[in-house]
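From first to last, the protein sequence lines are chains A and B.
Each residue of the first sequence is one higher than the one before, starting from 1 at the first, in my numbering.
Each residue of the second sequence is one higher than the one before, starting from 1 at the first, in my numbering.
Treat the hints as calculated values from the structure; they're not laboratory data.
Please read all numbers here as calculations on a predicted model, not as lab measurements.
Don't take every hint at face value.
Claimed, not checked - In silico contact screen, one side only, chain B against chain A (beta carbon under 8 angstroms); selected entries: (1) Q3; (2) G40; (3) E41; (4) G42; (5) P43; (6) L45; (7) A48; (8) F88; (9) K98; (10) L99; (11) F101; (12) G102; (13) T103; (14) G104.
Virtual Cβ for every residue (Gly too), placed ideally from N, Cα, C.
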Amino acid sequence: GAVVSQHPSWVICKSGTSVKIECRSLDFQATTMFWYRQFPKQSLMLMATSNEGSKATYEQGVEKDKFLINHASLTLSTLTVTSAHPEDSSFYICSASTGQEMNTEAFFGQGTRLTVV
Amino acid sequence: GQQLNQSPQSMFIQEGEDVSMNCTSSSIFNTWLWYKQDPGEGPVLLIALYKAGELTSNGRLTAQFGITRKDSFLNISASIPSDVGIYFCAGQPGTASKLTFGTGTRLQVTL
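All chains, please: the whole structure from these sequences, using the hints.
Right under this line is the structure:
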């Protein structure tokens with residue numbers, strides 16, 4: 001299957017700083033990328049959907065000014081957590097899809113564990 | 001956000017036993033997907049279902065797309081230790097659209 005790579009795998013940052021997480025599709029062009037957040041022992045919750053070259057669509061309750069998403073190319077999307085606080089500590093997972101065919105599969109990255117201290 | 005109801009929440013079984021879990025929704029989905037997630041990793045797709053009533057197998061795994069399009073089940077036969085993990089169902093309303101995940105089933109397999 002197609003490969004989606006996330007970087008970094010884990011990051012620890014101080015409260016008030018910003019953290020950038022990268023999501024790359026390594027062997028296909030991703031028209032659409034999705035960002036999820038997963039708290040311990042909980043399910044994945046969609047944060048936003050990004051299409052290459054356009055503004056991301058955020059889910060209700062997700063602050064777009066806090067979670068900045070950039071999808072500048074067909075192989076890269078970034079999520080920046082601005083002014084991070086301990087409550088932002090979570091497992092962030094991206095997925096990427098070609099988004100052009102019926103029943104298009106979305107491939108998931110390995111996730112990034114963010115710890116804000 | 002919306003979540004799908006998945007049951008059971010957790011299961012403790014012995015190696016060799018069969019496992020069944022299901023997922024229900026109040027709304028219709030056009031695609032049902034089943035994923036497995038290992039600790040600290042992203043979910044990995046196990047089976048994708050695209051048609052109501054469809055029954056699909058992948059090795060020891062079998063999944064069905066409910067005829068009402070509001071439910072799905074996953075069976076694992078002859079479980080082995082590496083089946084340990086969290087299993088999530090996910091529904092997709094249309095083509096390449098966002099996924100809604102189930103609440104997850106945590107599977108533990110004992111020798």
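Subject >> Agreement of hint B:F88 with chain A interface, Cβ distance less than 8 angstroms >> reply: holds, 6 angstroms
Original post:
How about B:G104: closest beta carbon in chain A under 8 angstroms, or not?
Top reply: holds, 5 angstroms
Subject >> B:K98 as an interface hint toward chain A, with CB separation required under 8 angstroms >> reply: Status holds, d = 5 angstroms.
Original post:
Against chain A, with CB atoms and a cut of 8 angstroms, does the hint on B:G40 hold up?
Top reply: holds, 7 angstroms
**OP:** Answer holds if the nearest beta-carbon of chain A is closer than 8 angstroms to that of B:P43; otherwise answer violated.
**Re:** holds, 5 angstroms
**OP:** Verify the interface restraint on B:T103: the C-beta must sit less than 8 angstroms from at least one C-beta of chain A.
**Re:** Holds. Min distance 5 angstroms.
Original post:
Under the criterion of a CB-CB separation shorter than 8 angstroms, is B:L99 in contact with chain A as hinted?
Top reply: Holds - the Cβ of B:L99 comes within 8 angstroms of chain A, reaching about 7 angstroms at its closest.
Subject >> Interface restraint verdict for B:A48 against chain A (beta-carbon cut-off 8 angstroms) >> reply: Cβ of B:A48 sits 7 angstroms from chain A, so the hint holds.
Original post:
Taking the closest Cβ pair, is B:G102 under 8 angstroms from chain A?
Top reply: Nearest chain A Cβ about 7 angstroms off; hint holds.
Original post:
Does B:E41 meet its interface restraint, that is, does its C-beta lie within less than 8 angstroms of any C-beta in chain A?
Top reply: holds, 6 angstroms
Subject >> Restraint satisfaction for B:Q3 [CB to CB of chain A, less than 8 angstroms] >> reply: holds, 6 angstroms
Subject >> Given hint B:L45 near chain A, where the shortest CB pair must fall under 8 angstroms >> reply: holds, 6 angstroms
When the structure is compared with the earlier hints, no violation turns up for any of them.
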